[in-house]
Amino acid sequence: MSAEPAAAASPNRPVLSVQDMSIQFKLPQGWITAVDRVSFDLRQGEVVGIVGESGSGKSQILLSLMGLLAGNGRCSGSAVFEGQQLLNRPPKELDAIRGSTMSMIFQDPMTSLNPYMRVSDQLTEVLTAHQGKSKAEALEVAIEMLERVRIPEARRRIRLYPHEFSGGMRQRVMIAMALLCRPEVLFADEPTTALDVTVQAQILELMAELARDMRTAVAIVTHDLGVIARLCDRVIVLYGGRIMEQGSLDEIFYDPKHPYTKGLLASTPRLDEKVHGELRTIPGQPRAAMGDFPGCPFEPRCALRIDRCRAEMPALLGDDKGRAVACHVSGV
Amino acid sequence: MWSYTLRRTLGSVPTLLALCVITFFMMRVAPGGPFSGNRRVSPEFVKLMEDAYHLNDPLWQQFWTWFNGVLHFDLGPSLKLRDYNVSELIAIGLPTSLEVGAWAMLLSTLVGVVLGIAGALRRNGPIDYSAGAIAMVGVAVPIFVIGPLLQIVFGLQLRWLPVARWDDSWQCRVLPVLTLALPNIAYVSRLMRSSMIETARTNYVRTARAKGIGEWRTILKHALRGAIMPVVAYLGPATAVTISGSVVVETVFSIPGIGRFFVESVANRDYPLIMGVTLLYGAIVIAANLVTDIARGLLDPKVSYE
Ligand SMILES: Nc1ncnc2c1ncn2[C@@H]1O[C@H](COP(=O)(O)OP(=O)(O)OP(=O)(O)O)[C@@H](O)[C@H]1O
Ligand SMILES: [Mg+2]
Numbered sequence: 001m002s003a004e005p006a007a008a009a010s011p012n013r014p015v016l017s018v019q020d021m022s023i024q025f026k027l028p029q030g031w032i033t034a035v036d037r038v039s040f041d042l043r044q045g046e047v048v049g050i051v052g053e054s055g056s057g058k059s060q061i062l063l064s065l066m067g068l069l070a071g072n073g074r075c076s077g078s079a080v081f082e083g084q085q086l087l088n089r090p091p092k093e094l095d096a097i098r099g100s101t102m103s104m105i106f107q108d109p110m111t112s113l114n115p116y117m118r119v120s121d122q123l124t125e126v127l128t129a130h131q132g133k134s135k136a137e138a139l140e141v142a143i144e145m146l147e148r149v150r151i152p153e154a155r156r157r158i159r160l161y162p163h164e165f166s167g168g169m170r171q172r173v174m175i176a177m178a179l180l181c182r183p184e185v186l187f188a189d190e191p192t193t194a195l196d197v198t199v200q201a202q203i204l205e206l207m208a209e210l211a212r213d214m215r216t217a218v219a220i221v222t223h224d225l226g227v228i229a230r231l232c233d234r235v236i237v238l239y240g241g242r243i244m245e246q247g248s249l250d251e252i253f254y255d256p257k258h259p260y261t262k263g264l265l266a267s268t269p270r271l272d273e274k275v276h277g278e279l280r281t282i283p284g285q286p287r288a289a290m291g292d293f294p295g296c297p298f299e300p301r302c303a304l305r306i307d308r309c310r311a312e313m314p315a316l317l318g319d320d321k322g323r324a325v326a327c328h329v330s331g332v
Numbered sequence: 333m334w335s336y337t338l339r340r341t342l343g344s345v346p347t348l349l350a351l352c353v354i355t356f357f358m359m360r361v362a363p364g365g366p367f368s369g370n371r372r373v374s375p376e377f378v379k380l381m382e383d384a385y386h387l388n389d390p391l392w393q394q395f396w397t398w399f400n401g402v403l404h405f406d407l408g409p410s411l412k413l414r415d416y417n418v419s420e421l422i423a424i425g426l427p428t429s430l431e432v433g434a435w436a437m438l439l440s441t442l443v444g445v446v447l448g449i450a451g452a453l454r455r456n457g458p459i460d461y462s463a464g465a466i467a468m469v470g471v472a473v474p475i476f477v478i479g480p481l482l483q484i485v486f487g488l489q490l491r492w493l494p495v496a497r498w499d500d501s502w503q504c505r506v507l508p509v510l511t512l513a514l515p516n517i518a519y520v521s522r523l524m525r526s527s528m529i530e531t532a533r534t535n536y537v538r539t540a541r542a543k544g545i546g547e548w549r550t551i552l553k554h555a556l557r558g559a560i561m562p563v564v565a566y567l568g569p570a571t572a573v574t575i576s577g578s579v580v581v582e583t584v585f586s587i588p589g590i591g592r593f594f595v596e597s598v599a600n601r602d603y604p605l606i607m608g609v610t611l612l613y614g615a616i617v618i619a620a621n622l623v624t625d626i627a628r629g630l631l632d633p634k635v636s637y638e
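Quick note, the sequences are listed as chains A and B, same order.
Counted from 1, the first sequence has number 152 at position 152 by the numbering used here; the numbering is strictly sequential.
Each position in the second sequence, counted from 1, maps to that position plus 332 in the numbering used here.
The set of hints was computed from the structure by calculation and includes no laboratory data.
Note that CB positions come from ideal geometry on N, CA and C, so glycine has one too.
Among these hints, one or two may not hold up.
If you want a taste of the chain B side facing chain A, the calculated C-beta under 8 angstroms gives, among others [what the hints assert, rightly or not]:
id: 1; residue: P375
id: 2; residue: K379
id: 3; residue: A540
id: 4; residue: I545
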């Protein structure tokens, strides 16, 4: 059976498989659904972009997978990572996974590092906890990793506190922290939106480059289609807690099927296009409360809606190559 | 840091001076005098005594005389306990007061912090509710009520502890220290609880959880450090609360400390003793605030002494 190792090393092996994941939050007036039956795979070494407007549930998907859901939240469905179920796992068991084979970079580098601890301690504790390294060994690995994220004078700077770093440098520290144990999967929740535009691109490229070197699969959440275009192999488009469409970068950008995806692309200003008057927007507002309604969440704003859209959520139908669309009117 | 300490110490001189001036003149505005309460002595004798202690000189001159003494480390004589001067009385009472006060501070900080953390980690659990009840009592019931209550229950009824005795045994210390600590236990536990809850929600604690280093390590190494800062900042004010409490507690439990001298000195209009103790209390509170600020600086890397 010489085919076995080859299959394991193939770029298409899914490392994370999410099936029918739903997330709900308890509010005084009852449970609201933030994410509704979302399914997707993350394959070894690929970079997947998750786009969607504010409140569409992007962050909550990643947080649930990391076991970091807020106290009033609950999730259902399944998420299998390296043969292990992630959802509703006791934190103790998740601790063997998170920070080592699965890690996350958060949005705001200014507040995501502990202001009271030296960067060295914040980095080395990951290695001592997961790999049983000694303090001294861990420090060497941490310095090496800071050098890889191109922090100059890493050996000296690792002794500093977070406030002694700029925003961009702090996010490099966060990236180094997340990659210390060479994870299989890296989640990045808008890793650069809090940063100066001039450093955004550098940071993203750095993250993607390191992930490629380590063959780490990346799921990156963003509002920014430019980021997607630059980094991602595949795209998942969310609206109102549901997947509207997913496919390869080219499919989504050059052949969008779902009316929301089309609207999203049309409302993004492009440098190679003259803008006449106002920027185009998608008319209407997202549904205020995501209650349990039967129809498509985009229906109220959709130009192509038919009666059926209000009554019934279209299934996400697709081919076996990962291209899928959830729309009654314009399917694959 | 040394230059910071020096600057703060020098900066506290005007505060102390203002404290002395206000206390001095307020006491003189209040009716009565050190020799006026006693009906058995003639007015002529009172006048003689007052002249002997320069109490009939112009006020500003009296203040100057007293202040000049302070500059030469002389707090003057006691008007009532005539064999002693104020410095001697302070030297007699201070060790006892410091002992009770220090135990009360230690107890209130430790118990307050532990109760606060326990309440924050198990919100709405039994510990949280008990801590809340203790805090409610500690905040709402003044210690001149709590002290006698404890005396009645543990001293008179259960007979576990002495009611109001002072010797070298530890039993004598339990009730006064507990009474004195209670208001600060109440305050510190509430402060710690809310601060811990708030810190547990910060992004950096979420990052620590995401690192998979374990819940206990997350709480002890990441959350506690930030959450304890408001408690550290409260140590200065806590000292002031303890001092004012000690005045009551020493009286209620007949403890021969400065607090009791202070109460007696006010009742007797023993002006030099009042001024001496006021100055001492002021200096202790200022020193406590200075130590608090230095401790905060040591704990928080963002604070610099410049
Ligand atoms: N603790 C909570 N309690 C109640 N509702 C919550 C809670 N956390 C998130 N939500 C809701 O879940 C929905 C999805 O939130 P999420 O943070 O995933 O959005 P997002 O797509 O990441 O948006 P953004 O781009 O603004 O970050 C939102 O409508 C939000 O109000
Ligand atoms: Mg988000």
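To see whether the hints hold, each was checked on the structure:
1. P375: Constraint on P375(B) not satisfied, violated at 68 angstroms.
2. K379: violated (65 angstroms)
3. A540: Holds. Min distance 7 angstroms.
4. I545: holds (4 angstroms)
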